[in-house]
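Okay, here's what each chain looks like letter by letter:
Number of protein chains: 2
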Amino acid sequence: MDNAKSNANIEDRGAMPAKRLLRVLAGGSVAPPPVWLMRQAGRYLPEYRALRSKAKTFLDLCFSPDLAAEITLQPVRRFDLDAAILFSDILVVPYALGRRVGFVEGEGPKLDPIQPTDLGKLNGDGVCTRLAPVFETIRSVRRGLPASTALIGFAGAPWTVATYMIEGRSGNDFSASKSFALADAKNFAKLIEVLVEATSDYLTAQIDAGAEALQLFDSWAGVLGEPEFRRWVIEPTRSIVARVKKKNPDVPIIGFPRGAGMLYADYARETGVNALSLDPGVPLVLARALQARLPVQGNLDPQILVAGGDAMRRGVETILAALGEGPFVFNLGHGIVPETPPEHVAELVRIVRGAAAA
Amino acid sequence: MDNAKSNANIEDRGAMPAKRLLRVLAGGSVAPPPVWLMRQAGRYLPEYRALRSKAKTFLDLCFSPDLAAEITLQPVRRFDLDAAILFSDILVVPYALGRRVGFVEGEGPKLDPIQPTDLGKLNGDGVCTRLAPVFETIRSVRRGLPASTALIGFAGAPWTVATYMIEGRSGNDFSASKSFALADAKNFAKLIEVLVEATSDYLTAQIDAGAEALQLFDSWAGVLGEPEFRRWVIEPTRSIVARVKKKNPDVPIIGFPRGAGMLYADYARETGVNALSLDPGVPLVLARALQARLPVQGNLDPQILVAGGDAMRRGVETILAALGEGPFVFNLGHGIVPETPPEHVAELVRIVRGAAAA
Numbered sequence: 005m006d007n008a009k010s011n012a013n014i015e016d017r018g019a020m021p022a023k024r025l026l027r028v029l030a031g032g033s034v035a036p037p038p039v040w041l042m043r044q045a046g047r048y049l050p051e052y053r054a055l056r057s058k059a060k061t062f063l064d065l066c067f068s069p070d071l072a073a074e075i076t077l078q079p080v081r082r083f084d085l086d087a088a089i090l091f092s093d094i095l096v097v098p099y100a101l102g103r104r105v106g107f108v109e110g111e112g113p114k115l116d117p118i119q120p121t122d123l124g125k126l127n128g129d130g131v132c133t134r135l136a137p138v139f140e141t142i143r144s145v146r147r148g149l150p151a152s153t154a155l156i157g158f159a160g161a162p163w164t165v166a167t168y169m170i171e172g173r174s175g176n177d178f179s180a181s182k183s184f185a186l187a188d189a190k191n192f193a194k195l196i197e198v199l200v201e202a203t204s205d206y207l208t209a210q211i212d213a214g215a216e217a218l219q220l221f222d223s224w225a226g227v228l229g230e231p232e233f234r235r236w237v238i239e240p241t242r243s244i245v246a247r248v249k250k251k252n253p254d255v256p257i258i259g260f261p262r263g264a265g266m267l268y269a270d271y272a273r274e275t276g277v278n279a280l281s282l283d284p285g286v287p288l289v290l291a292r293a294l295q296a297r298l299p300v301q302g303n304l305d306p307q308i309l310v311a312g313g314d315a316m317r318r319g320v321e322t323i324l325a326a327l328g329e330g331p332f333v334f335n336l337g338h339g340i341v342p343e344t345p346p347e348h349v350a351e352l353v354r355i356v357r358g359a360a361a362a
Numbered sequence: 005m006d007n008a009k010s011n012a013n014i015e016d017r018g019a020m021p022a023k024r025l026l027r028v029l030a031g032g033s034v035a036p037p038p039v040w041l042m043r044q045a046g047r048y049l050p051e052y053r054a055l056r057s058k059a060k061t062f063l064d065l066c067f068s069p070d071l072a073a074e075i076t077l078q079p080v081r082r083f084d085l086d087a088a089i090l091f092s093d094i095l096v097v098p099y100a101l102g103r104r105v106g107f108v109e110g111e112g113p114k115l116d117p118i119q120p121t122d123l124g125k126l127n128g129d130g131v132c133t134r135l136a137p138v139f140e141t142i143r144s145v146r147r148g149l150p151a152s153t154a155l156i157g158f159a160g161a162p163w164t165v166a167t168y169m170i171e172g173r174s175g176n177d178f179s180a181s182k183s184f185a186l187a188d189a190k191n192f193a194k195l196i197e198v199l200v201e202a203t204s205d206y207l208t209a210q211i212d213a214g215a216e217a218l219q220l221f222d223s224w225a226g227v228l229g230e231p232e233f234r235r236w237v238i239e240p241t242r243s244i245v246a247r248v249k250k251k252n253p254d255v256p257i258i259g260f261p262r263g264a265g266m267l268y269a270d271y272a273r274e275t276g277v278n279a280l281s282l283d284p285g286v287p288l289v290l291a292r293a294l295q296a297r298l299p300v301q302g303n304l305d306p307q308i309l310v311a312g313g314d315a316m317r318r319g320v321e322t323i324l325a326a327l328g329e330g331p332f333v334f335n336l337g338h339g340i341v342p343e344t345p346p347e348h349v350a351e352l353v354r355i356v357r358g359a360a361a362a
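Taken in sequence, the protein lines are chains U and S.
Just so you know, my numbering puts 74 at position 70 of the first sequence, and the rest follows in order with no gaps.
Just so you know, my numbering puts 112 at position 108 of the second sequence, and the rest follows in order with no gaps.
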């Protein structure tokens, strides 16, 4: 399946791509809008939990192509979504750079907090070799996907990945990361630069393996003040987008600077991303304004999916009424939470598809 | 000192108030701008730590007028700030409503998570009686304050206080609060209404005791999607502002919907607050746009105050250059963190005052 990529590229050129997601990311409008969900493969699905125990650690799971490919395909099969997203984790990049990365059940990631003296030991050259199993997963998923379903690759954006490397876990007030960036900006810039290079290489290799679109997750973009947001979110993102597009100008990149608030517009204008994933805090009237510039994706609060029922129907319909006519991908405003009843996801997809058909 | 309030009111009427902070909150511009800092009284000060041990629990400290007044005055004395802010906690309101509230050193607040069946037991009538020591603190602070220093009272806004009551602690993904609000909107609305009434009474009593301005802290406003933000942040805030202003139209209210992002403008337009406290994520060009409507306060990242040095000087000067000419109060974008070196605060105040003098 080494020609998966060239097939995808032929498909993308000239007229509108055939796959609904890719058509929207190319600027087209599709009714009903394509739908996929952040963290659609995961703990809320019983079939995921059944496979989870087959690997010893969470990273082992990410690096077992057969298991990871099957997990990637599970939600597509169950809900007939318009896209699969690679099952992996944003912390595979620090791991590939030579850092120790663990996951404690119920607590989240644990890393050895990086010190400035560790920076020289980060090994950028080995990244794509160490991440070879991920590319194998991508090739395997492409073989198993229905012809109409797009495959999304992804990575964490440098600021967010750096916070995990520095804090050693999901941050609270991100004081360690911010004080590193403020007190030792030179070394922090070095860390970000290592991440920009590794992430660009990693995403390019994902395209080579068959990823048809990419998403950059900057989950903690929202904790930065304006000058820091420009320097550590917008700049590195622009740099990654430019590097990836140099080799693959036609593969769309979705940017997700979660919590960027009023800085979403600058991010949209300055980074070069093709589309914008919106968190639930973005008001729909402003989402429409952003949509005038580029395709948008989002932005139902995952807790509304947990609640289901009328609240969910109203939430979905409000979003569709505001954004459904422009280039739009229906999604959550961030990842599915483990308590989500799978039936609510099925109902959500029915509402998104039914509303546009009505 | 029962006439403290009437004195304040006389002062506020007619021409511009004499106190620099109050002049800005009335829409005036003052050079250099007044400066105070959120959580300016607290753990980063050695003189606070010396007093902290004199009370058994944190709530005991809040309810000991002599200690709380002295703690309120400490930073004003040390740094000659333009305002004192009452030393207390937003969780005194749930306590006064009859909930158990504890604080675990290094972890934060612990409450018994409230159930819908507990709602009937909340006792709104006793709130101001139970909070009498707070009003005593306010009277005592007014006696001790320099004539040019304003005294700010405060409360938590209903959404934020409700999250602590429901989660039992500082929330992470706020799933308990959101699912309560979504699955049982009627009871959640009842809880919010109880908080609106108690908070309005509490703030009004703070004015009666001598508070000259008020701040409403909605620290977790940023986790809500747009419809929920309108319903649980804007609506209750508007209601509190209307109730408080009915009796005291001239006492300015500063609203702080932290993390509101693009919804800051709606909050400014719809709640009736006199001034807006901005978090560090608000870009300065948009802060200027908000300032065209009402006085703004903010918004240095507290981590920049921890870092100090050139980063702090640049941060302060950038903010002053953007906002210093309009009605503006210099402040942080949220509360001082315990690791802050007190000398950095002294230097910050010097920069704010010196920059405008230059």
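Just so you know, not all the hints are guaranteed correct.
Pairs involving identical chains hold if they fit within one copy or between any two copies, as the list cannot separate such chains.
Stated by the list, open to error - Under the rule of at most 20 Å between Cα atoms (straight-line distance), these lysine to aspartate or glutamate pairs were calculated in the DMTMM-like manner:
hint	residue 1	residue 2
1	K190	D314
2	K125	E351
3	K114	D177
4	K58	E197
5	K125	E111
6	K60	D314
7	K251	D70
8	K125	E197
Note that these hints are calculated values from the structure, not bench results.
Right, here's what the structure says about each hint:
1. K190 x D314: Answer is between; shortest inter-copy Cα gap is 14 Å, intra-copy 52 Å.
2. K125 x E351: neither (49 Å within a copy, 38 Å between copies)
3. K114 x D177: both (17 Å within a copy, 19 Å between copies)
4. K58 x E197: neither (36 Å within a copy, 50 Å between copies)
5. K125 x E111: neither (28 Å within a copy, 35 Å between copies)
6. K60 x D314: neither (40 Å within a copy, 48 Å between copies)
7. K251 x D70: Result: close neither inside a copy nor across copies, 28 Å intra and 69 Å inter.
8. K125 x E197: Answer is within: at 14 Å inside a copy they meet the 20 Å cutoff, but 57 Å across does not.
When the structure is compared with the earlier hints, violations turn up for hints 2, 4, 5, 6, 7 and for no others.
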